[in-house]
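Enquirer: Here the protein sequences line up with chains A and B, keeping their order. Every letter in the first sequence is one number past the one before it in the working numbering, and letter 212, counting from 1, is 420. Every letter in the second sequence is one number past the one before it in the working numbering, and letter 152, counting from 1, is 360.
What the hints contain is simulated information worked out from the structure, not anything from laboratory work. You can take every hint at face value.
Residues from chain A that face chain B, not an exhaustive set, calculated with beta carbons under 10 Å:
{"id": "1", "residue": "Y257"}
{"id": "2", "residue": "A262"}
{"id": "3", "residue": "V296"}
{"id": "4", "residue": "A300"}
{"id": "5", "residue": "L312"}
{"id": "6", "residue": "R331"}
{"id": "7", "residue": "D334"}
{"id": "8", "residue": "T504"}
{"id": "9", "residue": "V530"}
Okay, the calculated beta carbon distance ranges per label pair:
{"id": "10", "chain 1": "A", "residue 1": "Q396", "chain 2": "B", "residue 2": "R327", "range": "43 to 51 Å"}
{"id": "11", "chain 1": "B", "residue 1": "D549", "chain 2": "A", "residue 2": "Q396", "range": "31 to 39 Å"}
{"id": "12", "chain 1": "B", "residue 1": "L430", "chain 2": "A", "residue 2": "A210", "range": "55 to 63 Å"}
{"id": "13", "chain 1": "B", "residue 1": "E326", "chain 2": "A", "residue 2": "G330", "range": "37 to 45 Å"}
{"id": "14", "chain 1": "A", "residue 1": "S225", "chain 2": "B", "residue 2": "L356", "range": "20 to 28 Å"}
{"id": "15", "chain 1": "B", "residue 1": "R327", "chain 2": "A", "residue 2": "G483", "range": "50 to 58 Å"}
Glycine included, every Cβ here is placed at the ideal spot set by N, Cα and C.
Number of protein chains: 2
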Amino acid sequence: MAATLRDVAQRARVSTSTVSRVLNNISTNIPISDETRQRVLQAAHEVGYKPNMAARQLARQQSFDLICVIVPHASPSVLTHPFYMSVVQGIARTCQQQGYAVTLYFADTNTPDSQTRERDYGRILDIPANGIILTTTFRDEQYVPRLLADNIPFVHIGHLSGDSPPATHFVDVDNFLGGRLATEHLLQKGHQDIATITGDLTMPAGQDRLEGYQAAMQQAGLPVHPGWIVPGTFDPDSGYAGMQQLLALSPRPTAVFAASDAMAIGAMQAIQEAGLTIPTDIALVGFDDLPQAAHTTPPLTTVQQPTARLGEIAAELLLAQVTAVPAPPHIILQPHLIIRDST
Amino acid sequence: MAATLRDVAQRARVSTSTVSRVLNNISTNIPISDETRQRVLQAAHEVGYKPNMAARQLARQQSFDLICVIVPHASPSVLTHPFYMSVVQGIARTCQQQGYAVTLYFADTNTPDSQTRERDYGRILDIPANGIILTTTFRDEQYVPRLLADNIPFVHIGHLSGDSPPATHFVDVDNFLGGRLATEHLLQKGHQDIATITGDLTMPAGQDRLEGYQAAMQQAGLPVHPGWIVPGTFDPDSGYAGMQQLLALSPRPTAVFAASDAMAIGAMQAIQEAGLTIPTDIALVGFDDLPQAAHTTPPLTTVQQPTARLGEIAAELLLAQVTAVPAPPHIILQPHLIIRDST
DNA sequence: TATCATATAGCAATCGCTTGCAGTGTAGCG
DNA sequence: CGCTACACTGCAAGCGATTGCTATATGATA
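Build out the structure end to end from the sequences listed, making use of the hints.
Expert: This is the structure we're talking about:
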């Protein structure tokens, strides 16, 4: 229903060529009289002309390659965003280098009813993208089969839970290893009574980090007091609450592994409010290496995820798929420990 | 040079229609023999076929509307990102609601030579966007005149320095007011010896916040000791360094207004390392209300910018422009003070 | 007055893909 | 054996904008 060049041309009583030339300002060296120009501009404005980008691209022989990144549009948990920003930046850098533009689609994760999902999925398909990157913590089991069926290239950052023979291309970090590294570091510091505040256990990342913790404890031959595993949600508030719960315990654990920096920061607050000091009274390890982790008091020991690299690799895998270049179906990145003063 | 449908068709010895139908899988209910399907798939793979999205969009009569957001690709200052993330989210929400997709272009701000700029500008124009949003702290005086000349709809978040009769559409927050609010709050708390760590003074935001501080001091009839204005860069390290500089002063200021939360956090570190406490020894106000500001010890009093709103309004102004709907050329948003425990 | 340069504007082909409709071959049915 | 039905495949007309080339005024010049 949108007005086309022809509509404008008819209204201005000129040809479409003329309209095109006017609207593109001074594209060629063909001169156009001021009077005609005004008439065209006027007409274009009157019919509310908006160029059809697809047609323009086609005619101009410009290529136009887009990668669509699906990110969660979660209003509350703002603190988790540096992760996405960094991943997106990694994706964008790689894509831009190869001449692809990147579009972000914020999918509604707050109301995960199937209707909303359906709407989001439709809108995503309306985006003329060559490929799609699904970001982590996206419980999109609903999307995956359809993308597969629709034959649309995509890769997933983070992998699906029960996806043992992985049908999809993905890149992920080894969260299990991360949890183990954090715990082993605490063990090396001589701690035995090590508690953990877990992430969202419905997500593989949360689950895997917990299992890493458990594996390290078990390997050290140490028992895990049942009260030492307190569930969190990755958010600072849950870290705060979880820590208060741990502080009430007796004997009190001497060290805590928080499955996210956000929770670690919340935990710090709780510890300091209780008049205890870090790391003397309680040692603390986080996970993520958020930018602010280096600027807490004391600076936080944490497990660093190569977030930008995650994005870069996701983009590389996807572009390989899009251009039919052989590439491994999935890659798992190793996190590593950043030792600061909280342990 | 890319392979087209016709190339595939010739290779597979079928018509383009058949190829199209195969590649779109099961689009219509027209059946295709398995043998043909295989042959087509094979051929497509061999010539490395990649669909031309523009042509597809055009033929399918799908509209395809894009808004391009230019954001700085600054490797070092990761801490400033929550701002952009929030702004982008505001933009995306609004755009998506109106059926526009959003693409991010990370422009290189690290090497601001004109060659890089030129390359970036060209690439941006290659993106088939209906309009462009330039984010703040972008010193893009180079872009603006060209966008104007090329007749491309755009709005700027934050305004250009010497742009008194504003030629461009923009949305901004009142940084001057923000600086004044912060300082006045400190004055109300009874402080007289108030120092400030400024932002990057080459940016309007940095300059305006400083002027707000100065205005408040002057209005209170208080002198500003020359050493009390220490220059920073918005980054935490500069806050740390700036604070050390202030701590060495005697008499020492009793309150500090840091022109960004990031710097405030750096300053906190310096204060606590010096064995002083906040707010008893030194009161501290930040600017931005980063997510982590609520989780520092003590929680940081700060000036909140309506970042998401900034993005929303930028998008609204742009879409109005794109669709030729009348709208004000620019809007200025009011920041407000969030009082926590650091004052 | 004839010729020619110049300024404007239009014609029509083209970009690569989709899709309604028509065409062909084969099998099944009476 | 003739005819209908079905399974496939191809033809060709668009989709909306761009642009090289041609056509028409208009005035200047010889």
